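So the sequences go chain by chain: Z and G.
Counting in my numbering, the first sequence runs without a single skipped number right up to 303 at its last residue.
Counting in my numbering, the second sequence runs without a single skipped number right up to 303 at its last residue.
The set of hints was computed from the structure by calculation and includes no laboratory data.
What you are looking at is a predicted structure, and each value in this text was computed from that prediction instead of being measured.
A hint or two may mislead.
Said to hold, decoys possible - One-sided and incomplete, this derived list gives chain G residues near chain Z with beta-carbon spacing under 7 Å:
hint	residue
1	42
2	67
3	71
4	102
Virtual Cβ for every residue (Gly too), placed ideally from N, Cα, C.
The primary structure of each chain is shown beneath.
2 protein chains.
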Amino acid sequence: MLRVIFLGTGGALPTVNRNPPAIFINIKGESMLFDCGEGTQQQMMRAKTGMAFRSIFITHWHGDHFLGIPGLIQTMSFQGRKKPLEIIGPKHIDRFISDILSLCYYRLSFDLKIREVKAGDIIERSNHVIKVFETDHNVPSVGYILQEHERLGKFDPGRAIELGIRPGPLYSRLQSGKSVFVGEKEIKPDEVVGPKRRGRKVVYTGDTRPSAKVIKASRGADLLIHDGMLLGALADWAVESKHSTSIEAANDAKDAGVKKLILMHISSRYSDDPTPLLREAKGIFENTEISRDFMTVEVPYQD
Amino acid sequence: MLRVIFLGTGGALPTVNRNPPAIFINIKGESMLFDCGEGTQQQMMRAKTGMAFRSIFITHWHGDHFLGIPGLIQTMSFQGRKKPLEIIGPKHIDRFISDILSLCYYRLSFDLKIREVKAGDIIERSNHVIKVFETDHNVPSVGYILQEHERLGKFDPGRAIELGIRPGPLYSRLQSGKSVFVGEKEIKPDEVVGPKRRGRKVVYTGDTRPSAKVIKASRGADLLIHDGMLLGALADWAVESKHSTSIEAANDAKDAGVKKLILMHISSRYSDDPTPLLREAKGIFENTEISRDFMTVEVPYQD
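For reference, chain Z alone in the conformation it holds in the complex (with noise of 0.2 Å):
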């Protein structure tokens, strides 16, 4: 499962509808927070993501993408969390996390750690990678990619059993890559199990003008979720406040060759009605989606 639950979909307005930035991702039971915008923690509650998990990312310091960490970490202690907590973060996080504690009389249940990132950096977790790449906003910037690690081969029962192979444990031991015999012949993995399927890819580039980078960090994914806050209309705008117009998203989209495209952080203007940004944006790439809150997503294999 590579499950994506979309708790803030706003922009740095929030509206009745649209919470700031949060979006909780859950792949094969390991799940983590990207940004945190006020209120984060209700939204979680309202979508019954739990708080276990280890990590929150956060993309940049702006106030809409963090001030749901100081409620929400004290909820965390309330509920007499032990396990330590991690705050990634681009430049300045010793910073705000300072700022944010120092808001608080209470002391935590638990520990947290806070790490400072920058482009290339790579984050290892069981089943996945985050890895990080600069974006484009006036404040320093990053995204995430969450990379799933390689997956087995496809087995071909069809081949097994003309290479005399009963299926049972022999299939389990060529899948993971060992020879089995079968009398005295020695049938090696490759004879029956295809090559290495690349895991699954998401994007999440937070606010960000488009750029050759972001289309770098986007190549192939399967999903990514890009700032696509204004319609082209406000092309100005979105150079002037350093995000990006649907139109520049679904570009983006298109060059690095995604699977799925949706768009995040949406402008007040078009909280209620974000039919024009998907106008435009399907214009230009056809499987595009507007975020909204609790919304989710299940990000399939696309082998």
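Using the hints, position chain G against chain Z.
Coordinates of chain G only, in the frame set by chain Z:
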């Protein structure tokens, strides 16, 4: 009009249907906010209160009572607010507000006026005053009394006609405290206008143990909004955490002779069904209600 809108009625652990504390009050067009928990700006949008109010009064510097400030002032700034915003609260206000401001990269479009208050302080307004009183919590904390100015006395039209005064401008002149002449006979205001009538009074305790100071502050209030977050069975925990049971709140209301009691800061234990809290309080003080998010209460004149 004296309208109280409950924007957040939960405790330190918010729930899906109770935001952390925030109360919006509008008295004859002058509006203000008491406490400002995380998510208050969106609650204001949902309740359509507008954001053009002058002051935020904070009862104490626990996160659940003020973590909505950074997002709210950011939104006010995006909206181009020019009018200064006053933030009023107890000891350590400078530290907390400067921490909040250092959380943000942006520059505000308006000035913040910070005022530290202590018990006995009085904030003057055009149609009311706000008086500060001491509460009993585990960090420096205060409560607030909103006291409407005295109203003009009751005009007795029957008596006025007996005295030969014709309805019209003379009535207004008399009611505003000036004499009038009917022929050569002087009529003094107190012949047709009763004594000045007291204004309405609303008291908000914030988080507190029940106390003689709360009772004194609440004497004769039209509405007392009191911490009443726990059942009597959890009285020990109320003592330890420096909160009140609903029974204790009801006793304060009864001893102060208030007209109406509304319980606030409802523990997440009773968030969905606070009936047991209500039942216990009503056993002592009948005119009790439990607050809920978006509840709106009009406070009428008593005479």
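Broken hints, by number: none
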